[in-house]
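Number of protein chains: 2
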Amino acid sequence: MAVATQTLEELCINSIRFLAIDAVEKAKSGHPGLPMGAAPMAFVLWNSFLRFNPKNPKWFNRDRFVLSAGHGSMLQYALLYLTGYDSVTIEDIKQFRQWESKTPGHPENFMTAGVEVTTGPLGQGIANGVGLAMAEAHLAAKFNKPDAKIVDHYTYVILGDGCNMEGVSGEACSYAGHLGLGKLIALYDDNHISIDGSTDIAFTEDVSKRFEAYGWHVQHVAEGNTDLEGLAKAIEAAKGVTDKPSFIKVTTTIGYGSPNKANTAGVHGAALGGDEIKLTRDNLGWEYEPFVIPEDALKHWRKAVERGANLEEEWNKVFRDYKGKYSEEAAELERYLSGKLPDGWDKVLPTYTPEDKGLATRKHSETCLNKLGAVLPELIGGSADLTHSNLTELKDSKDFQKGQYQNRNVHFGVREHGMGAICNGIALDQSGLIPYGATFLIFTDYMRAAIRLSALSQAGVIWVMTHDSIGQGEDGPTHQPIETLASLRAIPNLTVIRPADGNETSGAYKVAIEKAKQNDPTLLAFTRQNVPNLAGTSIEGVAKGGYTVVDSEGTPDLILIGTGSELSLCVTAAEKLTAQGKKVRVVSLPSWELFEVQDADYKESVLPKAVTKRVSVEAAASFGWHKYIGTEGDTVSIDRFGASAPGAVALEKFGFTVDNVLAKSKALLG
Amino acid sequence: MAVATQTLEELCINSIRFLAIDAVEKAKSGHPGLPMGAAPMAFVLWNSFLRFNPKNPKWFNRDRFVLSAGHGSMLQYALLYLTGYDSVTIEDIKQFRQWESKTPGHPENFMTAGVEVTTGPLGQGIANGVGLAMAEAHLAAKFNKPDAKIVDHYTYVILGDGCNMEGVSGEACSYAGHLGLGKLIALYDDNHISIDGSTDIAFTEDVSKRFEAYGWHVQHVAEGNTDLEGLAKAIEAAKGVTDKPSFIKVTTTIGYGSPNKANTAGVHGAALGGDEIKLTRDNLGWEYEPFVIPEDALKHWRKAVERGANLEEEWNKVFRDYKGKYSEEAAELERYLSGKLPDGWDKVLPTYTPEDKGLATRKHSETCLNKLGAVLPELIGGSADLTHSNLTELKDSKDFQKGQYQNRNVHFGVREHGMGAICNGIALDQSGLIPYGATFLIFTDYMRAAIRLSALSQAGVIWVMTHDSIGQGEDGPTHQPIETLASLRAIPNLTVIRPADGNETSGAYKVAIEKAKQNDPTLLAFTRQNVPNLAGTSIEGVAKGGYTVVDSEGTPDLILIGTGSELSLCVTAAEKLTAQGKKVRVVSLPSWELFEVQDADYKESVLPKAVTKRVSVEAAASFGWHKYIGTEGDTVSIDRFGASAPGAVALEKFGFTVDNVLAKSKALLG
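Just so you know, the sequences run in chain order W and X.
Start counting the first sequence at 1; every next residue gets the next number (full-length UniProt numbering).
Start counting the second sequence at 1; every next residue gets the next number (full-length UniProt numbering).
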């Protein structure tokens, strides 16, 4: 094929392909196959449909684009470069997959403007897309007026076979169908190849039929390599269906254009190699040097800059008009977008004294959520089918349902992983919403990949986890967290807080809300069972992660360190030891992460190095506690699986009693 | 309704209902709704189809029954009691959900004979069922002869709405459809209620259509409360379809029989209460005291004992005949079932010297797997679409596919969680198979719930995890484990091993195989990148979890503790420090769990308390390491997310260098 035969469209499409081929070749690492096959659909979408402004990647009313098949990252980097984003230059593309480059192995929203969410772990992106579409639906229902549609954009996702095999995508897409999210449009790159070879070896289901079963509008573009008109018509038709999300199966050839490697797993995740690249250049009539884009193509692509500026300007006019007519709503939206909290928001958080009735911290959590929900309309979330166990309902709102998107109580169904990825999507919409997702603490295991991604991708989600120990009781070891707190504390950038009582629950929410606005997630662990309100606990104390709640005269002989429901055991044990003439300090350590970032002096003031007799008390694994108890300390902990029994029985049988704290303390004191 | 009008069948069915009602009432905890609604299908299945021997719950050729909706555990306990298992007496039922009872909150295979797998975390049971059916298919293809079908049984699963919402079930069922597992029959208790209320609020997809899309044979019994004949016909028809798994949607009423609570979430997970129980007794004509089963019903149910004895005896005859004709195969099957390993099996594990070429430990893993696969035909497994990255292919076997079940290379597809639950099912088939499942270490996050269940439910699986650090390289932080090792080490009963080289990889597999036969899982973490073979490493050392590989003369001044790819940094640093006159010991600590169970003298001999200057070196989070480095030690570790770059660059940038080990060592040595 000679270059002369290439249409402008083909030049534009081949620009994507060769940027991917050349970048992967230079890095000797990466996935050229997907960009080569998906280039036509990406061209049609970005050239004819996607509304965005390359010079303002954060323009609020932009369409959201998610490359769920994140290993094809060069597709996205090519699009960002070609359409004129400042975040990805040709030099950046030459640095593909290199240290600190703007073009890491998988799309990372925190590295590259124009990337909405971090993808790569398969299935997450499409589930994030459901969250993005839910955010749009909510904001549109809340802010739009009959004469002013200020929230009006689509979420487009390109996903692959791998995404469709992952359970998380099934969960989220089933829910998207339930919600009838008409502005969610997914393009399925049906290339029949995954890493191990043909999908025939493991994945022969009828994917389209499955999406129909979910309640999606389903189409098929059979000639996805070449049928640009068919692609455009399908997207147009998808936009026309407003009461269902759309699934467009686009049959393509992975590595399209490579004479020997197209339609093989060999082109999925490895460089083509010099010889094959030459053959591919010949085959596609591409006579340009590596990283060189023909002027015609670049000029055409770059029309996106002017188009985008116009789109944003049009929207600005609409918004100015809106602001004139609906100043209050406009001010609220502007606050949302600013990331600011309303003045005095935290004044609603209750405080308690020991005289106040002891309640489960999940009950205190319910109070906080409801008080915060009243002053923070951006709070939106719910539970994975445990609403009345997690106590996460906002009583002054109603259910977020199809056609009722203005409401804030989300029923995720028994879909923890989907919930996690959806919450990440809502947060990464960057429109100021604060999503929360709830289940039993143990079931963070089902959604761990999404929780980790919230921490990595700076998604300001609040994870509300109840039934946080063997105190959970009768449900038994399948439902009782043991190692769960440790496994979550180990995740970088995730703040885990396990409050001891009412004051500490308020403190935990204060931190969580502030962190959410700073784009950091927080995980809160609450008890099922009642706990007393303690003297000395405070909102301010929680903010420091660890603090002294009971102190001795002079240097203590012993420090008891407790969290959550076990802090009260420490306090009672300390009283008894003090009565016996011992000098005992009790430290509450609701959040290791918050404590670790305090300055050295503060940490030393709470846990003086000289005091080596220390006992930690937490109804969970001892794993990690040696950092605080040192080589001479001891733990009251549980390093085996739990057991089915009433919660109080389980706690006692496993040694979470004042007597056991006293026994371990006395053994240390000698 | 008067009792006189009850048929024998109704009496039998109501026996289940009232055992559930009364047990939950006594415990004031539990889920009566499912047993009340699913009692008819359970009766039909257990009375007319299920082939089992109550007096020998481990009879090899029994049909497997899984209650995937494990919260309805009283259904299963009622069935075990009524059909005459010794494991559940009426006294046990009265102890429902109490400390150390045989009737815990959710079915636990390790507590109650007759329970095949541990359920409760939703979706796991049906996915375990896929594994059980795969085990049957494999053993049948391997051992059956045209004149002797010694492996010939079904796997039946009852699952609910919650199971169907979970992604793990979707993954496993898609794969079951691909494999055409004709002897897997799932009964879907379609009761339209989950904890939060009607499934209308979150789950309105067409489940049957989805299963059709997966390639299952799908039926519907519309009157599941009463249509016993329809239920029987459907199960009969399902058995008749031999090339597809069967899905029978059975529409039922949760809490059937309760005048005020049937068909409400109120009966899902709480006791009915005395008044409602009285009304339910009246409504169903049940005139018996709590925990009393009418003689006629019990007598009918208990026919299962004689039926079961006959079934097993018939099979014994077939097997005796088989043994006569096919002594070799019979001996092999008997070895499988004995849990024994063939003599000298571990002699195939290779050893290495420092002169041998350094390879990635994943490459050593491939060698071990293949050598073991040749002597252990019970080894069966594969990867979640990363076969040629995980290097898990058994080269002398072929792909396990529909109609090719005798093969041992399983292609799970991009379905980590499904793979995990399937491997658990294969192990819990208790037929001696050793399943292994592989992916990148980071993606244990996707399958953590299944890994935890392997540890809890004593499933002897080998989890083969490669690309175990930031040495993974270019894929970046979404693919680079940081906190992953810590989060896995924290799981009770799971042995995690991170070998340093060829010898340690052999040692890791020796432990893993032995543990699998003892019904304990092991997780192996392997490098992507090459590592040298070190002097002093050994198979025996790995078995102890930690051991000295380089020692000083006399008491060391400093101990360097390394694992996996970082052990070689320790060895090189020690050489340099020794040359500078320091006394340095290097300890390899491939498995914390194995080290912890050594006696105190041994542990002291490796890590003497008196030596407080210690540096751990592991390309992972420091979380948990303070147990070994103490208060005066230091770590070479990474407590932030990784970054996309070539692996060697990432390792260097994050400080995993000999120089950094030396710098931290010298800082401690002063």
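Hints in this document: simulated from the structure, not taken from any laboratory.
Any given hint could turn out to be false.
Heads up, the list lumps identical chains together, so a pair's fine if it works in one copy or across two of them.
In silico BS3-like pairs for lysine-lysine, Cα to Cα no more than 27 Å straight-line [to be verified]:
1. K609 with K627
2. K582 with K58
3. K544 with K395
4. K627 with K613
5. K402 with K613
6. K28 with K653
7. K325 with K371
8. K28 with K55
9. K347 with K55
10. K664 with K278
11. K357 with K325
12. K544 with K627
13. K209 with K653
14. K544 with K28
15. K347 with K26
16. K58 with K94
17. K317 with K303
18. K583 with K323
19. K402 with K576
20. K149 with K325
21. K26 with K340
A quick look at each hint next to the structure:
{"no.": "1", "hint": "K609 with K627", "verdict": "both (12 Å within a copy, 16 Å between copies)"}
{"no.": "2", "hint": "K582 with K58", "verdict": "neither (60 Å within a copy, 57 Å between copies)"}
{"no.": "3", "hint": "K544 with K395", "verdict": "neither (31 Å within a copy, 56 Å between copies)"}
{"no.": "4", "hint": "K627 with K613", "verdict": "both (13 Å within a copy, 15 Å between copies)"}
{"no.": "5", "hint": "K402 with K613", "verdict": "neither (58 Å within a copy, 62 Å between copies)"}
{"no.": "6", "hint": "K28 with K653", "verdict": "between (58 Å within a copy, 20 Å between copies)"}
{"no.": "7", "hint": "K325 with K371", "verdict": "neither (30 Å within a copy, 77 Å between copies)"}
{"no.": "8", "hint": "K28 with K55", "verdict": "neither (31 Å within a copy, 62 Å between copies)"}
{"no.": "9", "hint": "K347 with K55", "verdict": "neither (40 Å within a copy, 65 Å between copies)"}
{"no.": "10", "hint": "K664 with K278", "verdict": "neither (73 Å within a copy, 50 Å between copies)"}
{"no.": "11", "hint": "K357 with K325", "verdict": "neither (48 Å within a copy, 76 Å between copies)"}
{"no.": "12", "hint": "K544 with K627", "verdict": "both (17 Å within a copy, 24 Å between copies)"}
{"no.": "13", "hint": "K209 with K653", "verdict": "neither (52 Å within a copy, 48 Å between copies)"}
{"no.": "14", "hint": "K544 with K28", "verdict": "neither (46 Å within a copy, 40 Å between copies)"}
{"no.": "15", "hint": "K347 with K26", "verdict": "neither (56 Å within a copy, 45 Å between copies)"}
{"no.": "16", "hint": "K58 with K94", "verdict": "within (25 Å within a copy, 62 Å between copies)"}
{"no.": "17", "hint": "K317 with K303", "verdict": "within (21 Å within a copy, 81 Å between copies)"}
{"no.": "18", "hint": "K583 with K323", "verdict": "neither (63 Å within a copy, 74 Å between copies)"}
{"no.": "19", "hint": "K402 with K576", "verdict": "neither (58 Å within a copy, 68 Å between copies)"}
{"no.": "20", "hint": "K149 with K325", "verdict": "within (13 Å within a copy, 80 Å between copies)"}
{"no.": "21", "hint": "K26 with K340", "verdict": "neither (43 Å within a copy, 52 Å between copies)"}
Hint compliance for this structure: hints 2, 3, 5, 7, 8, 9, 10, 11, 13, 14, 15, 18, 19 and 21 are not met, and every other hint is.
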